[in-house]
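Chains as they are written, first to last, in UniProt numbering: chain A, 1 to 242; chain B, 1 to 755.
By construction, these hints were calculated from the structure, which means they are not laboratory data. Even glycine gets a Cβ: it sits at the ideal position worked out from N, Cα and C. Careful, some of the hints might be misleading.
[Stated by the list, open to error] Computed beta-carbon distance windows for the label pairs: (1) A:Ala141 / B:Ala662: 26 to 34 Å; (2) A:Pro22 / B:Ala662: 30 to 38 Å; (3) A:Glu189 / B:Pro393: 55 to 63 Å; (4) B:Arg16 / A:Pro22: 38 to 46 Å; (5) A:Val19 / B:Ala662: 29 to 37 Å; (6) A:Ser62 / B:Ala662: 40 to 48 Å; (7) B:Arg16 / A:Phe217: 40 to 48 Å.
[Unchecked claim] If the Cβ cut is set under 7 Å, some of the chain A residues that face chain B in the computed set are: (8) Gln30; (9) Arg85; (10) Val98; (11) Leu109; (12) Leu112.
[Unchecked claim] Which stretches of chain A does chain B cover? Using the computed rule of at least three CB atoms under 8 Å from a CB of chain B, they are: (13) 33-46; (14) 62-73; (15) 77-83; (16) 100-108.
Each chain is listed here by its residues.
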Amino acid sequence: MSPVVKTVNLVKIYQDGAVPVPAVRGVDLQVEPGEFVAIMGPSGSGKSTLVHMLGGLDARTSGEIWLDGKRVDTLSESAWALLRRKKIGFVFQFFNLVANMTVGDNVELPALLAGASPKVARERRESLLAALNLTDRADAAPAQLSGGEQQRVALARALANEPSLLLADEPTGNLDSRNTRDVLRLLSEVHKQGQTIVMVTHDARVASLADRLVSLFDGEIVDDGRIARRRTRTAGEVIDLR
Amino acid sequence: MSTLLAGGRWIRADLRARTGQAVLTVLAVAGIVAALITAATLLEDSTNPWRSLSAQTDGAHVWIYTKDSPQVPLGGIDGVTQTAGPYRSAPVTVAQNGKKEPASLRAMPATPPAVAHPVVAEGRWLDPSQPDGVVVERSFARSLGLRIGAPFTIITINGERHTLYVRGIADSADQGFYPEWTPGLAYVLPLMLDRVEPMLGRSEWVTGLRLADPEASQVVSQRAVVLLEDRLQRVYTWREVRAAMELDNRLLGTLLALFGVVGLVAAALALANAAGGRVLGQLRDLATLKSMGFTRGQLALLLLAEHGALGLLGVAIGTLAGWGVMAAMLGAASVAPVPVLAIVGGTALAVLAAVGVPAWRGGRTPPIPAAPAAPPRGHLSRLARLALLVRLPPALVLGTRDAFTRRVPAFLTAFGLAVPMMMITIGLGVWATLDNFLAHPEQVGQHAALYVKPGKEEPAVAERLASQDKDVAEVYPGTDVNALAPGEARSVRVRAIGSSTSPYPFPVAEGRMYARQGEAVAGQGLLDLLGLKIGDRVRLTVGGTPLIVRIVGRTVEPEQDGEVLSVGLDSLAAKDAVPPEYYALALKPGADPQEVRGRLLASSQEGLDVQAAVNPADRLSVIRVVIVALIAVLALIGLANLLTASALGLRDHAFDLAVLKAMGLTPRQVMATLVTGTGLLVVLGVGVGAAAGVSVVTGLIDWQGHTSGVGAGIGRAPSPLTLVVAVLVAVGTALAVALIPARRAARAQVPVTSR
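Go ahead and model the full structure; you've got the sequences and the hints to work with.
Structure, rendered in structure tokens:
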């Protein structure tokens, strides 16, 4: 089975005036289908940039990105946009719900964009909101929702186009502990249903939910390993250090 | 398809979130388009009622007035296909509701002629079984308030009264509309005219010539002048009739066109500003849309569709409104499709161009939603540093700094307010000019408030009665005659009034007043018509007698498109000047013309015919309605700009509010900061706009006066008081509008989140 996403020597250098600022310096990463990868690292380690590049929000400076067995780093901005409709779901730290649209419309929008009929989009939105316990908030404006609720809506929206890859950039960075727990529970449920997830976080407890942890420092992978599960896995499994 | 569906959702949601602003945009564009269409229709030739009236009545192209029935074969002139008449016509006065109006009673047969037959609009045509019937020309009937069956009381030159009854009201292309064209026109049977005015010497004969080629009217009338020699009284062609009918339409059309075109620029700016501001305020949402899979082009199209649709809706509503108004006023056929299509196409393009740039910029939003769209920060502007230096309160310093952080929107806001304000100032200038007509009628040639015709009395008695009244300051004897201009083959008005040594005080705008016999002053229209300039000599023919005068000055002349020559009575041959036709009465300051008129009528036992002068401002009062409507549309445009500025200002401050409060600014100070930011731009825009308006208004009105024949020298800028009030109202309203959101923002609990 081909990996969902693969990067080869991925580099991103920002140009700040005349001074080049390297953000990502040669990252090789491979994510298998159904994997839940957490990317950790201190501020400025390049983890958000990496995720943005994986979703095509930011252009790479050099290196390769492969998505579902196809090379995508050479795509134009528009081709990336069309690709995102079908294959990628994003969850951002600040929820980024479209402020003027109702919760329901926010969730339906990606499904419509992916080519679903209005009827199918509506069904999808209803099942997603029901799963996230938000059915009664469908007609509310995002601003009327609490942070946790907004992030749950953002999660529903990211899943509405049934993406092969869910990218989450600090999804709990702006939430209190209770809401963090809720969102994480949802992420892990989605993961259990087979969703491939790449999540950026700087919170070790959040990262512990994933089954693989990639540590980034100064734009390079310094650590990449599977997380042992006390309950789900047998003891003594070898931790794969690279 | 999928993009359409998703985009449609987004547009709908966004419009719902800013209904007020959207409605304002639509209304502003609609108002401008309606003004433009109205202007084009009024200026378009086909709206001139002459064209359809002439077609309906198979109108004549040249009208010839002679002292007696012409003995020469006018129908034999080359190019003449048919003739109407000659009809006998007698001057009478119509007494209606206490008013006396001049009319000419024309004898017409019971079977309407083939050429220049009046078209009966109401009632019936003349019938021998009802010899006391009269058919009145429609504009004259409307002015007198006449209906079918109403009595029509006429007073003949020798003072006899006759009562006829209105049997019909008819349209005619024989002459212009009453009261612009006097005397009014009424038709009776020849038998009745013989009974009313048996004296042939007091009547004239009217002959209409229909030509194969209307353009040949000049040649034909020249020929008629030669043939008729001194039997000819006056002659005019269809061009004068058409010009008389379009007089006010042209003025209104020009005014609307001026406001419409400048308003379109302002509306396009407002639209660009609103779309740009909205896009700037939505960068995060746009980025989110991109992260969901909208491409750059789709996003730009989406924005273009949303903002463009508002403009296009405005264009559509404006077109319907403009068309509706014109159809209601002038009839459905009056709106010419080509200029309307051009206006619709042009404004639609302007709208799309205006929103195109912000839409394109919106499409280029980077797709990373976290990227903050903060205003460019940096040093305090020079103005802000100045504010700091003079130790203004901190809120004002911050506001001053904020006003110019975004240079382009700041410029657009100030400019977007300056343009409507300039036009409003011009509108107020037009208003002031009309007021000036009313307050100082002597400046538009109406030094005399009353005109007394001897009527039943002897002229000497009339003069004595008039000069004895306690409120009459001066009595000027006068006579209006028609003169043939050389080479023009048409008549112009010669007004002989006062004497050369104590002349009637005409408002001379250039040159000087006439001071001796053989000198004259003329209106701009006459100078243009005959290609004259001050200092030239001109030779006219008055009833066969030559009148040679030197033009020594130009007067402001609101009558007859300025095609009037004014001389002293002594410059005219005695046969035309004695006795004077009327006496113009200049009243003492503060005297009420109606009171004086009442006294004169009483002292002469209703023997005198006393008329009050009609001020041109009364005739142009519809302009005031137009000005108010245009000011409303311009205010909408200004308001749209203001809302954009205010929304943008607030958005830029969402970050700062918490910080400002944390620094210790009270909600009131925060509010002051926000209001200062917008208010400074408002004051700048309104001030510049008002100054620009004042500097051009007099010139514009004078230019319009020059082209319309009245002549330069009538333009007035709005009074300083009006201007100050207008500026204060504009700034005050603007601040009040900016205050509401600022107040709400200052009071709100500001969440400390990054946007």
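So, going through the hints one by one against the coordinates:
no. : hint                            : verdict
1   : A:Ala141 / B:Ala662: 26 to 34 Å : holds (28 Å)
2   : A:Pro22 / B:Ala662: 30 to 38 Å  : holds (36 Å)
3   : A:Glu189 / B:Pro393: 55 to 63 Å : holds (56 Å)
4   : B:Arg16 / A:Pro22: 38 to 46 Å   : holds (45 Å)
5   : A:Val19 / B:Ala662: 29 to 37 Å  : holds (33 Å)
6   : A:Ser62 / B:Ala662: 40 to 48 Å  : holds (44 Å)
7   : B:Arg16 / A:Phe217: 40 to 48 Å  : holds (47 Å)
8   : Gln30                           : violated (24 Å)
9   : Arg85                           : holds (3 Å)
10  : Val98                           : holds (5 Å)
11  : Leu109                          : holds (5 Å)
12  : Leu112                          : holds (4 Å)
13  : 33-46                           : violated (count 0)
14  : 62-73                           : violated (count 0)
15  : 77-83                           : holds (count 5)
16  : 100-108                         : holds (count 5)
Of the numbered hints stated above, those contradicted by the structure are hints 8, 13, 14, listed in ascending order.
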